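Chemist: Please work from the sequences and hints to get the whole structure.
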Amino acid sequence: MKIVIDTNVVASAIFFGGKPRELLEMLVSKKLDAYASAEIVDEYKETVEELRNRYPERSVAVPLTAIISAMKIIEPSSHVEICRDPDDNKFIDCACDAKCIYIVSGDKDLLSVKKYNNVKIVTVAEFLSNETA
Numbered sequence: 001m002k003i004v005i006d007t008n009v010v011a012s013a014i015f016f017g018g019k020p021r022e023l024l025e026m027l028v029s030k031k032l033d034a035y036a037s038a039e040i041v042d043e044y045k046e047t048v049e050e051l052r053n054r055y056p057e058r059s060v061a062v063p064l065t066a067i068i069s070a071m072k073i074i075e076p077s078s079h080v081e082i083c084r085d086p087d088d089n090k091f092i093d094c095a096c097d098a099k100c101i102y103i104v105s106g107d108k109d110l111l112s113v114k115k116y117n118n119v120k121i122v123t124v125a126e127f128l129s130n131e132t133a
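Every letter in the sequence shown is one number past the one before it in the numbering used here, and letter 97, counting from 1, is 97.
Source of the hints: derived by calculation from the structure; they are not laboratory data. Everything numeric in this text was worked out from a predicted model, so none of it was measured. Be a bit skeptical, because a hint or two may be false.
[Claimed, not checked] Straight-line alpha carbon distances no greater than 25 Å define the calculated PhoX-like cross-link-like pairs of lysine-lysine that follow:
| hint | residue 1 | residue 2 |
| --- | --- | --- |
| 1 | 19 | 45 |
| 2 | 99 | 114 |
| 3 | 72 | 115 |
| 4 | 72 | 120 |
| 5 | 120 | 19 |
| 6 | 31 | 2 |
| 7 | 72 | 30 |
| 8 | 72 | 114 |
| 9 | 108 | 19 |
| 10 | 2 | 30 |
| 11 | 115 | 99 |
| 12 | 2 | 108 |
| 13 | 115 | 19 |
| 14 | 45 | 2 |
| 15 | 99 | 2 |
| 16 | 31 | 120 |
| 17 | 45 | 31 |
| 18 | 31 | 115 |
| 19 | 31 | 99 |
| 20 | 19 | 114 |
| 21 | 72 | 19 |
| 22 | 45 | 72 |
| 23 | 114 | 2 |
| 24 | 120 | 2 |
| 25 | 30 | 45 |
| 26 | 31 | 19 |
| 27 | 120 | 30 |
| 28 | 2 | 72 |
| 29 | 99 | 72 |
| 30 | 120 | 99 |
| 31 | 108 | 120 |
| 32 | 19 | 30 |
| 33 | 2 | 19 |
| 34 | 115 | 2 |
| 35 | 30 | 99 |
| 36 | 72 | 31 |
| 37 | 108 | 45 |
[What the hints assert, rightly or not] Estimated spans, in silico, between C-beta atoms of each pair:
| hint | residue 1 | residue 2 | range |
| --- | --- | --- | --- |
| 38 | 118 | 50 | 30 to 40 Å |
| 39 | 79 | 112 | 14 to 24 Å |
| 40 | 65 | 33 | 11 to 21 Å |
Glycine is no exception: its CB is placed at the ideal position from the N, C-alpha and C atoms.
Modeler: What follows is the structure, given as structure tokens:
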């Protein structure tokens, strides 16, 4: 299963657990294929560093390095302009060029798109229920 994982899912998995952590554990154990671009990886790193500073007492459940190492990094050639938040377009670019089936996100702006070409944009809960159905 080929997916792109939005930054908020990665951050939630690392710092808060729950279903996002379950998804990232599937990635690290090679039960799914996740794709990212260098731009997406940079956003992951910036967000995790910001949260690490904001929540220094929280332990990291899944190290970001393990997450990134488990991903396939591509350089997208698409330049979609569909999201209300233009910063979210990079996830659609990546998903389209990697021929992914899903973008897994908790971002309301990205989720409002619902589908772009053959890429469905779903929450972690929706993805996991589709995976186990």
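Chemist: Hints first: check each against the structure and report whether it holds.
Modeler: Hints versus structure:
Of the pairs offered as hints, the one joining residue 19 and residue 45 holds, with about 21 Å between alpha carbons and a cut-off of 25 Å not exceeded. A distance of roughly 16 Å separates the Cα atoms of residue 99 and residue 114; the hinted pair therefore holds under the 25 Å criterion. Of the supplied pair hints, the one linking residue 72 and residue 115 holds, its CA atoms being roughly 22 Å apart against a limit of 25 Å. Among the hinted pairs, residue 72 with residue 120 is consistent with the structure: their alpha-carbon atoms are about 19 Å apart, no more than 25 Å.
Between the alpha carbons of residue 120 and residue 19 the distance comes to roughly 19 Å, so the proposed pair stays at or under 25 Å and holds. A threshold of 25 Å between alpha carbons decides the hint, and for residue 31 with residue 2 the separation of about 10 Å falls inside it, so the pair holds. The suggested pairing of residue 72 with residue 30 holds, with an alpha-carbon distance near 11 Å, which does not exceed 25 Å. Between the alpha carbons of residue 72 and residue 114 the distance comes to roughly 24 Å, so the proposed pair stays at or under 25 Å and holds.
With a CA separation close to 17 Å, the supplied pair residue 108 and residue 19 stays within the 25 Å bound. A hinted pair counts as satisfied when its Cα atoms are at most 25 Å apart, and residue 2 with residue 30 qualifies at roughly 11 Å. Restraint check for residue 115 and residue 99: satisfied, since their Cα atoms lie roughly 13 Å apart, inside the 25 Å limit. Under the criterion of a C-alpha separation no larger than 25 Å, the hint pairing residue 2 with residue 108 is consistent with the structure, at around 22 Å.
Taking the CA atoms of residue 115 and residue 19, the gap is near 22 Å; set against the 25 Å cutoff, the hint holds. With a C-alpha separation of about 22 Å, the suggested pair residue 45 and residue 2 falls inside the 25 Å cut-off, and the hint holds. For the hint linking residue 99 to residue 2, the alpha-carbon distance of about 7 Å falls within 25 Å, and the restraint holds. Restraint check for residue 31 and residue 120: the C-alpha separation of about 19 Å stays at or below 25 Å, so the hint holds.
Between residue 45 and residue 31, the direct Cα distance comes to roughly 23 Å. Compliance with the 25 Å bound is thereby established for this hinted pair. Using a Cα cut-off of 25 Å, the hinted pair residue 31 and residue 115 holds, with the two alpha carbons roughly 23 Å apart. A threshold of 25 Å between alpha carbons decides the hint, and for residue 31 with residue 99 the separation of about 17 Å falls inside it, so the pair holds. Pair hint residue 19 plus residue 114 holds up; C-alpha atoms about 20 Å apart against a cutoff of 25 Å.
Proximity of residue 72 to residue 19 is assessed by CA-CA distance (about 22 Å); at most 25 Å being required, the pair is judged to hold. Restraint check for residue 45 and residue 72: the C-alpha separation of about 16 Å stays at or below 25 Å, so the hint holds. At most 25 Å may separate the alpha-carbon atoms for a hinted pair to count; residue 114 and residue 2 meet this at roughly 17 Å. For the hint linking residue 120 to residue 2, the alpha-carbon distance of about 11 Å falls within 25 Å, and the restraint holds.
Among the hinted pairs, residue 30 with residue 45 is consistent with the structure: their alpha-carbon atoms are about 21 Å apart, no more than 25 Å. The suggested pairing of residue 31 with residue 19 holds, with an alpha-carbon distance near 15 Å, which does not exceed 25 Å. The straight-line distance between the Cα atoms of residue 120 and residue 30 is roughly 21 Å, inside the 25 Å bound, and the hint therefore holds. Only pairs whose Cα atoms come within 25 Å are accepted, and residue 2 paired with residue 72 is accepted, the gap being roughly 10 Å.
Annotation: proposed proximity of residue 99 to residue 72 holds, straight-line Cα distance about 12 Å (limit 25 Å). For the given pair, residue 120 sits about 11 Å from residue 99 by alpha-carbon distance, which is consistent with the 25 Å threshold. Taking the CA atoms of residue 108 and residue 120, the gap is near 14 Å; set against the 25 Å cutoff, the hint holds. Between the alpha carbons of residue 19 and residue 30 the distance comes to roughly 17 Å, so the proposed pair stays at or under 25 Å and holds.
Proposed proximity of residue 2 and residue 19 is supported: the alpha carbons are some 18 Å apart, at most 25 Å. Restraint check for residue 115 and residue 2: the C-alpha separation of about 15 Å stays at or below 25 Å, so the hint holds. Only pairs whose Cα atoms come within 25 Å are accepted, and residue 30 paired with residue 99 is accepted, the gap being roughly 18 Å. A C-alpha spacing of about 14 Å is found between residue 72 and residue 31, which places the hinted pair at or below 25 Å, so the restraint holds.
For the proposed pair residue 108 and residue 45, the alpha carbon gap of about 21 Å is at most 25 Å, so the pair holds. A C-beta distance of roughly 33 Å is found between residue 118 and residue 50, which places it inside the suggested range of 30 to 40 Å. At about 20 Å, the CB distance of residue 79 to residue 112 agrees with the hint of 14 to 24 Å. Against the hinted window of 11 to 21 Å, the Cβ-Cβ separation of residue 65 and residue 33 comes to about 18 Å, which satisfies the hint.
Going down the numbered hints, you'll see the structure goes against none, and every one checks out.
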